[in-house]
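Chemist: The chain contents come next:
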Amino acid sequence: MSDIYEALQTIVGKDYVSNQAEERYFYGRDPGLMPPHEPDYVVMPRTTEEVQEIVRLANKEKVAVVPKGAGLSLTGLVIPQIGGIVLDMKRMEGMEVNEPARYVIVEGGVTHAALKSHLIKHYPHLRHSIPDSPPIATVVANAVIHGQGRLTQQRGFNSDMVSGLEVVLPTGEVCRIGSCAVSSYWFSKGPPMPDLSGLFLGWFGTTGVITRLGMKLYPCKKMRDVMTYITDRVELVPDIIRKLAHTEMMEDIVVSCAPLPLRFKGVFSMLVYITGDTDEELEFKRKMAWDTLREYFDSRDGGFMSVSPYMKPALLAMPSKDTTRFADVSKGGGFEYSGPIAPIEKYPQYVKKLEELALKYNLFYSSAGRVIDGGHSMMFSFSYTFNRADPDTMNRAKTALDEAAEFALDEGGVIWKPNINEQRMVMERMDPNTLKLLGKIKQLLDPNGIMNPGNWEAK
Amino acid sequence: MIQDYASQIHRCFRCGYCKFPTDYSSINCPSYRRFRFESYSTGGRLWLTYAWLKNEIEWSEHLANILYACTTCKNCVEQCPMKFSTDIVDWIVGARSDMVEKGRIPPQVARFFEAVHGYGNPLKLLRSDRAAWADGTKKYEPGDEYLFYVGCLGSYDENGQRMAKSLADLLSAAGVSFGILGNEEECCGNEVYMLGEMGLFQTLAEKNNQQFKDLSVRNIVTLSPHAYNTMKTNYPQFGADFADYHYTVYHYTQLLYGLIKENKIRLANNKAKVTYQDPCFLGRYNQIYDEPRQILQSIPGIELIEMERNREDSFCCGGGSGNFIMDLLAGGKDSPSRVRVREAHDTGAEVLAVACPSCLTMFTDAIKAEDLDDKLVVKDISQIVNESLASK
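First to last, the protein sequences are chains E and A. Following our numbering, the numbering of the first sequence begins with 1 at its first residue and continues without gaps. Following our numbering, the numbering of the second sequence begins with 1 at its first residue and continues without gaps.
In case anyone wonders, no lab produced these hints; they're calculated from the structure. Do not take every clue at face value.
The list that follows gives simulated cross-link-like pairs (lysine-lysine, DSS-like), each with its CA atoms no further than 25 Å apart [said to hold, decoys possible]:
#	chain 1	residue 1	chain 2	residue 2
1	E	LYS398	A	LYS54
2	E	LYS398	E	LYS265
3	A	LYS165	A	LYS54
4	E	LYS398	E	LYS312
5	E	LYS331	E	LYS265
6	E	LYS331	A	LYS213
7	E	LYS265	E	LYS222
8	A	LYS261	A	LYS271
9	E	LYS287	E	LYS221
10	E	LYS346	E	LYS331
11	E	LYS121	A	LYS273
12	E	LYS14	A	LYS333
13	E	LYS321	A	LYS83
14	A	LYS139	A	LYS213
15	E	LYS321	A	LYS74
16	A	LYS83	E	LYS265
17	E	LYS116	E	LYS222
18	E	LYS243	E	LYS321
19	A	LYS74	A	LYS139
20	E	LYS121	E	LYS312
21	A	LYS368	E	LYS331
22	E	LYS265	E	LYS321
23	E	LYS116	E	LYS312
24	A	LYS139	E	LYS331
25	E	LYS116	E	LYS265
26	A	LYS83	E	LYS312
27	A	LYS273	A	LYS375
28	A	LYS368	A	LYS165
29	E	LYS121	E	LYS321
Could you build the full structure based on these sequences and the hints that come with them?
Modeler: Next up, the structure:
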């Protein structure tokens, strides 16, 4: 093992490798509820060549490699299940925008914060899909887990916006995926060729290390506003969403419910975001939202609530700090959510289950559901807080989330960024031939099973 | 509250907002910027301290170094979205205080305390040389309007001494009634407090407060924002009976700006492009952002150019919490002072203006390390004012 440590030092320099207890402790955990397991080494490469050398070393020595962005999935996806090397990608922070073709190529450690700030400063007319995870979340890791962001209602998962990849395969070769494999342009992750990006996106680093990624950029309108539509009839939520999505004018639609503050208990709030280059455009979209929901206004089943000037900046913020604040509403510093991607029609059943589980396990809850890709599905979060200093609340939250995941699958959903237990639940239900294919692909790409072991292990 | 840290520290979610300035444009936590491992972020420190409290990890010098590499610059307090944000530095100081009580601190920190305890300053220099810089500056006498509290860097450090002399000359030229404590001056203890040696801090605060009371001091002007901060924030809790005795503390930039406004200091043309470093203990700790800028803008010919990170988002020089002596963040291009002088240089400024002797000394060294000697010069605001006096 000391040979590996020295070899890693030779590759990246001694300042960027640690095998000390403190780094092993921290990198062996994430803020969620999955049990910890410590790596043997934490390494911070700077270049694709360094990643290549590390992976070759690991493949030769049959040591596990876990590529890590900010480690914010909450589901333990970068907890090294059998130790080995955690590749902290943060020093790979280069980015390059192709303005006319509207995409950016980011290195593996570029954060959403850095990309957002770069675009505002240099390309204010362009934007990317910013998730509500904290700004330290990386663009690559977010795409790898099929993250969602502010443009997901219009454009699909953030991984749908990927326009090319550079990957270090588990055997050390560097591979380009998409148009960049045959051209100097990164405008497509596959089409019109076979789309090989599916070998890496959604695999949680089990098939290779993404060192560069192309991400599509979209027009950044000059103005942005948010409206809040509320109803106390949960069964109407799917239709309200459908109607709003049908306008094809909403930037983002997020449905929330929580038991506090009391005045909002039993109320379902839809945050409806619109953008425009002129007041007229914005006003027209407001009017379309109003008109499309008029029947529920007329029947007194719902209506737009005024958003105070105090609340508006918080609602418009990207990312939303309120998502993070939920972790401490019970002064315990923890929350986790099971976030199935679900048919929108199932929203009422999911809400019922969310509340049932909260009652059963005496937990504080909330849910935020984001509409995906014009209303083909939504992400529904079963979110529960826990107190990090109270193992009992942690156990109760974990049990509730396990039940939520089972329920979501039974109700036709598919779990988003599942932890290793949830991955097993998914694979148990998977078509056997699909599961076999999953296993064959993994075996082909990673014959020694070094990449993020424990995840997507199709046995 | 410092005492509450053990029961509250688990509340950090390690979300990482603390690493950024408001616009997320760069990394604004000095130790995280320097070392890059998550362990050196605020979340890392809090999670590791909690692990230590729960006996999940053992104390090690590496653990202590991680805790002490925090410059207590308060960027985390500014950026953390949680309700407990204002307590974060207290939690870090509380954890350090625990380590001090258990005698488990890095050797550099132990040497810092020994020097302050034995010599009255962290540089381990003779008490009898404390006023060697003063060159005729009169000692404070009851009835003087201001006590000029010079502090350890102003008294002993070569750069700090120039700064102290410059300010003393300005105050004299403006006809301000003031005096210094000379060799009787004691360390202010701000760094001792931040490093968690509460017993030693109490001794220093009580001694200083007693001396101020004995001399009937009513107004104190400090060279260092660190002294300003602790005298204003921490001293009222220690020593002297504040029921019947009060003093007001000013940072020298507040006093200078007043003198300029009152025309007691007249300024002539001084053509220069200047950028300004907000000291953490003046800015984020005490919200003094305007006076230093107003002084610079009062000088004809000076063009003030802001660095991208300024005011609440300013990037610490790396010298806080005693690191101007202990230097736990030094070494290499990623040390905060070197990062910051590159940022200052990028503005096109020729002068990096500071209002803190710690910043002055950190940046003076960083400019040499970055080989920017003939492109950027660091000057304290009183020195810039002195160079701009109408009578010169």
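Chemist: Which of the numbered hints above does this structure break?
Modeler: Of the numbered hints, 3, 4, 6, 7, 10, 18, 19, 21, 24 and 25 do not hold.
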